[in-house]
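Protein chains in written order, with the working numbering: chain A, 253 to 370; chain B, 36 to 149.
Bear in mind the hints are in silico, worked out from the structure with no lab data behind them.
A hint or two may mislead.
To be verified - Facing chain B, from chain A, some residues (calculated, C-beta under 8 Å):
# : residue
1 : T355
2 : K357
3 : L358
Computed from a predicted model, the values in this text were never measured in an experiment.
For every residue, glycine included, the Cβ atom is placed at its ideal position computed from N, Cα and C.
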Amino acid sequence: AQKITQTQPGMFVQEKEAVTLDCTYDTSDPSYGLFWYKQPSSGEMIFLIYQGSYDQQNATEGRYSLNFQKARKSANLVISASQLGDSAMYFCAMREYDYGGATNKLIFGTGTLLAVQP
Amino acid sequence: KAGVTQTPRYLIKTRGQQVTLSCSPISGHRSVSWYQQTPGQGLQFLFEYFSETQRNKGNFPGRFSGRQFSNSRSEMNVSTLELGDSALYLCASSDRTPSPETQYFGPGTRLLVL
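Input sequences plus hints: build the corresponding full structure.
Shown next as structure tokens:
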């Protein structure tokens with residue numbers, strides 16, 4: 253079965269500093285997709301970044317980058333130059349695969365609450 | 036493009052009642068998925084609809100059902116509400132052709148069951 257593990261329940265970071273949020277995954281499928289979402293207190297899940305298992309390079313989207321280490325089965329999110337507005341819950345997720353291939357079912361980790369301090 | 040919209044945003048019901056939540060996907064997206072988020076169980080997949088057909092279902096009792104209309108709008112229904120159904124219900128849409136793409140979530144409906 254596929255599983256996502258986020259071991260950091262909460263983290264503090266100073267404004268303008270970089271922060272790394274950890275995510276490890278477990279799957280026996282050679283093909284998989286990994287996502288990071290941000291959830292502010294309002295509740296909406298905001299898509300941040302995606303990494304496919306066959307992507308040769310680490311994904312980047314503005315201040316977000318994904319440190320993808322396939323052999324270690326980790327997909328850590330790096331936020332550079334933290335801003336106060338980055339304070340939120342962050343979820344790592346994996347797309348589930350079944351006999352028909354990729355599905356739209358996402359398996360989520362438990363999340364990391366990030367607090368950016370001025 | 037407008038994002039995913041969900042109505043209502045907040046809802047209070049009592050045990051035994053039923054509730055219907057609505058989700059309008061991003062224009063052009065034909066796949067709609069539903070998730071339940073609770074402090075105890077986290078984010079759990081309920082079901083996915085594509086072209087009016089249920090494609091995938093999570094491990095929830097039959098009290099949870101859904102449907103999708105020809106315009107891709109989706110509704111989910113929970114019958115005989117229980118206290119444990121109190122949760123944030125999130126809807127996500129994506130363009131499933133030719134393969135599943137990134138899902139974009141709506142703001143959610145917060146359901147409180149008293």
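Consistency of the hints with the structure:
1. T355: Since chain B brings a Cβ to about 5 Å from T355 of chain A, closer than 8 Å, the hint holds.
2. K357: Interface hint status for K357 of chain A: holds (5 Å vs cutoff 8 Å).
3. L358: Because about 7 Å separates L358 of chain A from the closest Cβ in chain B, which is inside the 8 Å limit, the hint holds.
No hint from the list above goes unmet by this structure.
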